[in-house]
Every structure is written in C-alpha cells, then in structure tokens.
Amino acid sequence: MGTIRKAVFPAAGLGTRFLPATKAQPKEMLPLVDKPIIQYAVEEAVNSGLENLVIITGRGKNAIEDHFDVSYELEKILEERGKSGLLKLVRAVSEMVHIAYVRQKEALGLGHAILVARNFVNEEPFAVLLGDDVIEADVPCIRQMMDIYDRYQTSIVALMEVPPEETSRYGIVKARSLPEGDGRLFEVLDMVEKPLQGEAPSNLAIIGRYILTPHIFEALGNTQRGSGGELQLTDGLRHMLGTQRILAYKFKGKRYDAGDKLGFLQATVEFALKNDEVGPAFRSYLKSLDLDSI
Numbered sequence: 001m002g003t004i005r006k007a008v009f010p011a012a013g014l015g016t017r018f019l020p021a022t023k024a025q026p027k028e029m030l031p032l033v034d035k036p037i038i039q040y041a042v043e044e045a046v047n048s049g050l051e052n053l054v055i056i057t058g059r060g061k062n063a064i065e066d067h068f069d070v071s072y073e074l075e076k077i078l079e080e081r082g083k084s085g086l087l088k089l090v091r092a093v094s095e096m097v098h099i100a101y102v103r104q105k106e107a108l109g110l111g112h113a114i115l116v117a118r119n120f121v122n123e124e125p126f127a128v129l130l131g132d133d134v135i136e137a138d139v140p141c142i143r144q145m146m147d148i149y150d151r152y153q154t155s156i157v158a159l160m161e162v163p164p165e166e167t168s169r170y171g172i173v174k175a176r177s178l179p180e181g182d183g184r185l186f187e188v189l190d191m192v193e194k195p196l197q198g199e200a201p202s203n204l205a206i207i208g209r210y211i212l213t214p215h216i217f218e219a220l221g222n223t224q225r226g227s228g229g230e231l232q233l234t235d236g237l238r239h240m241l242g243t244q245r246i247l248a249y250k251f252k253g254k255r256y257d258a259g260d261k262l263g264f265l266q267a268t269v270e271f272a273l274k275n276d277e278v279g280p281a282f283r284s285y286l287k288s289l290d291l292d293s294i
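Numbering (this note's numbering) for the sequence shown: 1 to 294.
To be clear, the hints were calculated from the coordinates, so they are not data collected in a lab.
Every value quoted in this text rests on a predicted model; they were computed, and no experiment measured them.
Any given hint could turn out to be false.
Unchecked claim - Under the rule of at most 20 angstroms between Cα atoms (straight-line distance), these lysine to any residue pairs were calculated in the SDA-like manner:
id, residue 1, residue 2
1, LYS254, ARG118
2, LYS250, ARG118
3, LYS35, GLY2
4, LYS261, ALA272
5, LYS35, LYS105
6, LYS194, THR16
7, LYS23, HIS67
8, LYS174, GLU136
9, LYS6, LYS88
10, LYS105, SER84
11, LYS194, TYR101
12, LYS252, THR16
13, LYS174, PRO195
Said to hold, decoys possible - Okay, the calculated beta carbon distance ranges per label pair:
id, residue 1, residue 2, range
14, TYR285, GLY226, 42 to 48 angstroms
15, ILE77, ARG5, 22 to 28 angstroms
16, GLY253, SER288, 28 to 34 angstroms
17, GLU218, ARG151, 21 to 27 angstroms
18, ARG151, GLY279, 47 to 53 angstroms
We put the CB at the ideal spot given by N, CA and C, even for glycine.
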C-alpha cells in the first residue's frame, strides 16, 4: 500500500451546536485562545510529516481558505507599523503548508465527505483528521497511527475510553486486544454508530483520527445512507470489515471535543492556562473568582 502522504480534513458541516455564533462563520474558525480550531489539526498533520492536505469545504466556508492564504494587505500594514512579531505569526500560517480545497455541495455526512476527496487521494492510503477533536500529545496522534500503519498496512481508527453513559454519543467498537500492542492496539470485530444506552459493545469510542486505505471508497459506495440522508463513515467501515482488516489504536495524549460547547470551554481554559502570553494572569484571575457568587 505504501506510506501515508495525504491528509483529508472534512469541514463542510453546519456547526449547528454553536448557533448563532456559526450563522455567518465556520465553526472551524472559532478561536481556541489565539488560533482557530482547524489550525490545531493542520499543525498536527504538518508536524507528522504530511504535506499534501485537502480541506473539504462547503457553502459559507470561505474564511477557512482565507485564513491559510496569504493576506497581502494585512502583511503590508503590519510591516509598515513595525509589528514584526505579528507579521511573523501571520506569515507562518500561510507558509505552513500548501492546502487544496474541495467543495462538498451538500452536508451529507462524514462518509460522503470522504467520497468527495476520492480524486485527491488517488487510490493511496490517507489520513483523516476532524478539526473538532483537538489532541495534545508528545508525539502527534496521527503520527502515532502512521507508525502503526507502516507496520500493518491496513486501516486504523483512533480510540479513547468513555464512560458507559456517554457511549451513545460516539461510534463504538467491539474489538479484541492484540498482544503486541501494550494494551493500546486492537483488532476491530464490529462497530456501531451511536448505540442506544446500554447496548454498546464496549466503552471504546472512535474519535476523529483515521488512517484509511482506498478500499473505503468501494465500501462507502455500497453503504446505505442513514437518517437525514447522511452517509456515515462508521457504517462504511463496518461494511469494509467483511473483506478488510481494521485496527483500532488507543492513542497516547489528551483529546478535547471542541465541537461541543462544554468541551470547547474546557479546551479554552486549559489552553489559556498553558499560553505563555496570558497563562499566568489568567491563572491568577481564575483563583480570584468566587464561583459560588457567579
């Protein structure tokens, strides 16, 4: 199959959980301290050695393209005002990597977004990173998975353990642990998207990092759409299980669900505390709060 060179970032969703904030701006551009959510995923891919990136966009997502493009007017103003530090930050974003964009005309689910990327992938194995999931790790999460792919040459989904009462929010796997994986590597036996309370096969939840082989395209093409006419990636992967091996990896690191209001706030607080510029003052502010009076 070869090595992983390409990464796909589905970003055509409507962001309804953040309305009205996302009425006129993409949820992927909501700032997590001083960077938009999607930039964290792009940086993870770049730091993992991936250089060919495609973002799947939709109507009203032009701000994403503008963010990663060169902003001549802004750079000129910053240069004229002698703000070299800010100029360096702005240029670093546009110089980070070359990004291609593919339009998903309708938001018909994650599986459909993957199908839209087929021509870009060109029958190669590829990585998928969902911007909603911001992951802090010493070794980038997708890099950890790429290293596993180099050994096994098969599709891999990222896992995390969740409380039993939260399994209905995720795709959940039924899996057996592989002895060579130090308790982190599993062979997937089955998977189900958002099982009903008490019906989940485990508490191992799929989160927004995937390594996929080109076989996923045929599997998605043979998968029926679910509610709302959406094509779910989990359903496509389940279909692929009939002919292809799929592994699951419990990554090393901490994941923040920035696509959820509470998760976004938790990530904002923790990232702000670690920020060199505002961290110390923000920590003092939090300590000064009388939470019972708010």
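Original post:
Are the Cα positions of LYS6 and LYS88 separated by 20 angstroms at most?
Top reply: violated (27 angstroms)
Original post:
Taken at face value, is the distance from the CA of GLU136 to the CA of LYS174 at most 20 angstroms?
Top reply: violated (26 angstroms)
Original post:
Within 47 to 53 angstroms or not, the Cβ separation of ARG151 and GLY279?
Top reply: Violated: the Cβ-Cβ distance is about 38 angstroms, outside 47 to 53 angstroms.
Original post:
Is LYS250 close enough to ARG118, meaning Cα to Cα at most 20 angstroms?
Top reply: Not OK: LYS250 and ARG118 at ~27 angstroms, beyond 20 angstroms, violated.
Subject >> Hinted pair LYS261 and ALA272, Cα distance within 20 angstroms >> reply: With Cα atoms ~16 angstroms apart, LYS261 and ALA272 stay inside 20 angstroms; holds.
**OP:** Below or equal to 20 angstroms on CA atoms is what counts here, so check LYS252 against THR16.
**Re:** violated (30 angstroms)
Subject >> Range agreement (Cβ of GLY226 with Cβ of TYR285, hint 42 to 48 angstroms) >> reply: holds (45 angstroms)
Subject >> LYS105 paired with SER84 [C-alpha distance capped at 20 angstroms] >> reply: violated (40 angstroms)
Original post:
Is it true that the CA of LYS194 sits at most 20 angstroms from the CA of THR16?
Top reply: holds (18 angstroms)
**OP:** Compare the distance between the alpha carbons of LYS23 and HIS67 with 20 angstroms, and conclude whether the hinted pair is satisfied.
**Re:** Holds - the C-alpha atoms of HIS67 and LYS23 are around 18 angstroms apart, at most 20 angstroms.
Original post:
Are the Cα atoms of LYS194 and TYR101 separated by 20 angstroms or less?
Top reply: Cα-Cα ~30 angstroms, so violated.
Original post:
CA of LYS35 to CA of LYS105, is that 20 angstroms or under?
Top reply: Measuring from Cα to Cα gives roughly 27 angstroms; hence the hint is violated.
Hints 1, 2, 3, 5, 8, 9, 10, 11, 12, 15 and 18 from the earlier list are contradicted by this structure; the remaining hints agree with it.
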